Structures are given as C-alpha cells and as structure tokens.
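Below are the chains, spelled out letter by letter.
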Amino acid sequence: MCSAVDFAGLQKQDLDHSNNQDYAKKFDTGLSEKLVRSISESKNEPSWMLDIRLQALQKFNELPLPSWGPSLKKLDFKKIRYFAKASDKKNSKTWDDVDPEIKQTFDRLKIPQAEREILAGVGAQYESENIYHSVKDVWSKQGVIFEDFDTAVIKYPELVKKYFSKCVPLTDHKFAALHYAVTSGGTFLYVPKGVKITQPLQAYFRMNAMNQGQFEHTLIIVEEDTQVHYIEGCSAPRYGSESLHAGCVEVFVKKAAQMRYSSVENWSKDTFNLNTKRAIVNDNAKMEWIGGNLGSGVTMLYPSSLLVGDNARADHLGIAFANEGQNQDVGSKVMISGKNCRTNIVSKSLSKGGGISTYRGIVDVKKSAENAVVHVECDALLFDGHSTADTIPQINCENESAQITHEASAGKISDEVLLYFESRGIEEEVARGMIVNGFLNEVVKTLPLEYASELNRLIEMEMENSIG
Amino acid sequence: MLKIKNLCAQFEDKKILKGIDLEIKKGEIHALLGPNGSGKSTLGRIILGDKKYDVTKGSIEFEKQDFLKLKSSDRAKAGFFLSFQSPPELDGVNANDFLFAAKKAGDPEFHSSFRFKKALSGHFEDLHLDEEFMNREVNKGASGGERRKMEIASLLALDGKLAFLDEIDSGLDVDGTACVAKAIQEFRKDGDKALMLISHTEKLLNLVQPTHFHILCNGEIIQSGGRELMEKVHKCGFCNFMNKKCVQQ
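Each protein sequence line maps, in turn, to chains A and B.
First residue of the first sequence: 1, per this note's numbering; consecutive thereafter.
First residue of the second sequence: 1, per this note's numbering; consecutive thereafter.
So here's chain A without its partners, still in its complex pose (with noise of 0.2 Å):
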C-alpha cells in the first residue's frame, strides 16, 4: 500500500518540540470559583453549564483522591495551570488561519497531512482550546456534526445538554468531578440514523506549555445504524514539571450502531493521565475501545462499556508501554444488563528499565444479562528482572448462564528465541523488535495502516537502546 502520510518517519523532536509559551503567563495556576466561573463566561456559556461546572467543583472539593492504584503523590493541584489559551484564534476552518508556529507543530504530526489523504474530519486542540475544527463537506450535508465541543454547547444548546454528563456523571471520582469544573475544549460529534463515516474522523490534543492541565470532554452520539471510527491522538513536550490531563469521553451507541473509538496516548513524562471514557451501548450495537497508552508518567485509564441493549457487544483491546519512571494503570470495566451480550477484552502490556504496569479490569455481568459471554486476556512482556507487570481482573456474576473465560500470560522474550533470529542473521535490537510488534499485533492490526505504523514508531522510539 502507497500512501504519503507517513506517521512511521516521526522523530522524537517532532513531539518533543516545545513553542514559546509566553501566553502561559497570562493565566493563573491553582483553581477556585472565580477561576470556574471566567472559564464559563469566556465562553459565553448558558446558566446550566455554569451550574454544573459549579457543582462539580464543590464535589471535586468533597471527593477523596483514589485510595487505590499508582500514587498521585506528586501532583500538587495548585501547581497546575487549568486554562490557558495560545491564540485568540478559535477553531479556524482552514489551516491557514491557524497562528503560524502552532500550524507548524500539526504539521510536524503530519495532521493537516492525514486530514487530506484519509480522514473525513479533524479537530485540533492546542492547551485548553481548539484551533482547528473542520468536517468534509460530504459528511456535514448528511447532517454529520462534527465540531468543537464549546461552540456545540452555542450551537447545538438542546442537543448537548440532552447527553452532557449522562454518561459519566460528576460525581464519578475525584477527577471526573475536576474535569467538569475546568473543562474546555473537545470534540461534539452526532452522526444522524443511517449514515456510514467511511474515512475515520480524527481529534489530535496537544499540551505546549509547562504545568499544563487540559481538561477536554469528548461527546459522541451515534444514532441507529451507523458506523464510525473515531481516533484520538495526543502528546506535549517534556519540562520535568507535573502537568495533568483529565479528559473525559462519553459515546452513546444507539441500537445497530458500529463505533470504533481509537486512541495513540503519548503524553510527555511528566503527565498524569487521569482521563475517563465510557460508552452506552443499546440493542445489537457494537463498542470498540483501542487503546495504545506509551506516554505518561503516571496513568489511570479504564475504558467503560455499558451493555445496557440486547445482543450489545463490546470489545476493548488496549496496549500499555511502562518505560523507566512509568506507571501505566489501565484496563477495562464492562457492565452487561443487556440479554445475549458480548464483550472481548485484550490487553497487552510491556514493562521496560523498571517500569509498572498493571492491567485492572472489572467485568460485572448483572442478574439480567442472559447469556453472556465474557472472554478476558492479559498478557504481559517483560523485559528486564527489575520491570512489574501486574494483573488485577475482577469478575462479578450475577447470572448463571454466563460464559466466562479469562487468560494471563506474562513472561520475559526468552534467550531460546532471540538466539534463533541471531541464528538467521537478525541482529538482537531489531529482533526484539520484531518479536514485541508480534506480540502486539493483534491490537495495532486494528488500526489503520497509517496509525498502526505511527505506533510502530512510537514502540521503536522507546525501544532504542534496549540492550544493555
């Protein structure tokens, strides 16, 4: 296959580069009331938005932080900057309009480049506000909204406030309640009855500045009988300094609907991944979570899906890449109420130069669900004595009828193997290689080609100099 959008020529710096940040200063670090309350109000926002924006900030306030998973020692709330924006530009149409230095930074992601050749839209998000935000013309006359998510809540008022925090209420947890005090930006997509998105529709976040929070929340809403795949792809600079990102991401998959959801996670070190992501999913509908996490210092990221329809399914395939320095807490949470469910969930993980990484799932099949099956898999690559992979399934059953099958599998690349590719002349850098792109396949063959190779790039970025 020829194409030119080649994600696999990236270099460290295209994702290391930092821009001036000088607008940085404008903006206050710390959060408080009169902080939510100049965010609503930058934004022209409706009263409701600032009510929620207002009670999620007195929950944030009242929540523990988690009492279990990775330690948020570090994370010092009142170093974090919860809004900053870059330009006054907002959401151009055109890449042209975009401030110069940051068109050059999507550039260097080769985003405007993708968006030419094989997506059906893109939204750009640089800190806490988008730059960029455009659909194909061909999609938006079948009545694709695909847009900016604080110009839907201008736009689409009736529409967003219908399905706004729905699916993942404010009191979920500590930062689901801090994501919707500060949120700002992010991507609003309803796709009408019927229509079928054939390219993927693309949002790209990029964090620039020193203690940055980006707090972006993602909703989609698929109707019945339509087909989408949306990929999210994300990455900052690294300054050695805390930053945080706690997203949110709801999708409400209506009956027959088909909705992939894909995500490259690169945050920079210093970054705690705090993002949550749930999904609905009613009769016959199907849920796809990919997921490839290498970036962060510290994440916690457990893609949900609600089988709340008849014969809903659900498959969740994640990668997680713990490099030296990163706890990578991931896993799945599916809850089945719906009859004849399914759900598939896969995960990977890689623990390298005394990284952690630990697979958390839960899987909750109701008293309802009739005839669920559940197939769980972890797997885990590890490649020194003094990296940690951990795996920490639960599984509630409420229903006998269920079938439920788990595997785990951990283990180091064994002396055997190598010194079989050694014996074909393949030298033991790229057999390791090969053999962790073997190990992950199953996951990255899902992607587009495009993407697949981006994050074959990005497991070959953090595979230099793994011999020693």
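Errors might be hidden in some of the hints.
Claimed, not checked - As a list, the in silico BS3-like pairs of lysine-lysine whose alpha-carbon atoms are at most 30 Å apart:
{"no.": "1", "chain 1": "B", "residue 1": "K52", "chain 2": "A", "residue 2": "K412"}
{"no.": "2", "chain 1": "B", "residue 1": "K104", "chain 2": "A", "residue 2": "K110"}
{"no.": "3", "chain 1": "A", "residue 1": "K445", "chain 2": "B", "residue 2": "K140"}
{"no.": "4", "chain 1": "B", "residue 1": "K52", "chain 2": "A", "residue 2": "K445"}
{"no.": "5", "chain 1": "B", "residue 1": "K69", "chain 2": "A", "residue 2": "K412"}
{"no.": "6", "chain 1": "B", "residue 1": "K14", "chain 2": "A", "residue 2": "K412"}
Quick caveat, the hints were computed from the structure, so don't treat them as lab data.
Predicted model only: the values in this text are computed from it and were never measured.
We have chain A already, so just place chain B on it with the hints.
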C-alpha cells in the same frame, strides 16, 4: 571453510566438549554420529555462539574469521547456518516477514520483496508446504515435519555457505525425507557449499551421501572416516564402538 581446533566448552561446571578438532572444506558433506547426549547438538550451538556455553579453550575459524570474536548474528551473516532441533514458536511474526528480515540483515541493499516472495513460494512448493504457510506465524502450532521444512526453506532462502543440519529428518515421513534430501542437493548444486549433518537414520544419509563421517562420544571425536564408519555403527551400535570391539572385528 570451517576449522575447529582443540575446542573445549562447558555448561556451568559440566565439561561438554573436550578438545574437538574438525575441518570442513568447500563441497564436502560431513555426518556427525554419536549416542544421545554426546555433544553433537551442542557443537552446532557453540559454533553459532550460544551464550549458555562457555568456550574454555581452542578456536573456531570460519572463512578466515575468528568466530569466537563474533556475535551470533554476525556468524550467521558470515554464512554459517544452523537448523534448530526444536525451533521455537515466534508469536505474531509470520514466515514471510521473518525471512525477509533475515535476508535484509545479510544484505542491506536487498529490497525486492516481490522477487523474494516468488522465490520463497517456490521453495515452499518444492517442500510441499502450502502457500498460506508464508503468512502463518513461524512454527506456531506447526507439526515436527512442518518445523523441519521451515528450517530447510530458511536455508534455501538465506543461501548460507555451511549448513549444520541437526536431525533435520526427525519427524519426517518417507516423502518428507526425500523432499528434504532434494532440497539439500539444490542447496549444494554449485559445489561451493558444505554441510554437516546430524542424523540417527540411514535414510537421509543414503540419499545425501556424506563424504566424511565422525563419531562423537562423550565430547570427543573418537573416530573419523568414510562410509564404512556408518555401516559399522549400524551393525554394532555405539556401545560396542566405544568399547572398540566393533573396530577389532
């Protein structure tokens, strides 16, 4: 092509090779006979550079290069090909990608994937392997026979100089053995290659007709010679051989 002098090696504290001398020249076919556990496979793995074993004395020279100074992948690139007795399963790596990577490792200029694929499918066809085999994960769930054939297909695709084939005929039926023998003839047709075979069955050795035979016992080559050695072994067994009774008869 290969010159081994006084090679001594051990695994942990156990001495496995106790002073091996061996020379293999272009065009020759050697057969290594000996009871189980005598060190035949280990010899192959030490020539490849398996780090499990410590070479305590002696030298290995291959095409005028000091092999003991090279890492395993460079020994393979120099033209030494070892077939594994139990080739491992490679999860998620298909035969086509694996052999393509191997070919590219040996020749950085190499990139004609189409021609390579065509040649490879020719080899698979000769070995009576399904074309779909190329897209299967290497050795994954493969039978003993399929694994041997994959080793031979690799040998043909990579075109080494010296092939050390460790029980390449075990687990093969009569047709399979004939196929492998034919592939070996194909490999050495230009006369500039050499072979070392380890085999417990006469069938393959009859088909390939080695020029030199060695008996390896307890880490030492106790006798070298021509075809008559094999006949004696098959008549009297290794035990008698070791007691030298057979030789006296």
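Hint check results:
{"no.": "1", "hint": "K52(B) <-> K412(A)", "in the structure": "holds (17 Å)"}
{"no.": "2", "hint": "K104(B) <-> K110(A)", "in the structure": "holds (29 Å)"}
{"no.": "3", "hint": "K445(A) <-> K140(B)", "in the structure": "holds (19 Å)"}
{"no.": "4", "hint": "K52(B) <-> K445(A)", "in the structure": "violated (36 Å)"}
{"no.": "5", "hint": "K69(B) <-> K412(A)", "in the structure": "holds (27 Å)"}
{"no.": "6", "hint": "K14(B) <-> K412(A)", "in the structure": "holds (26 Å)"}
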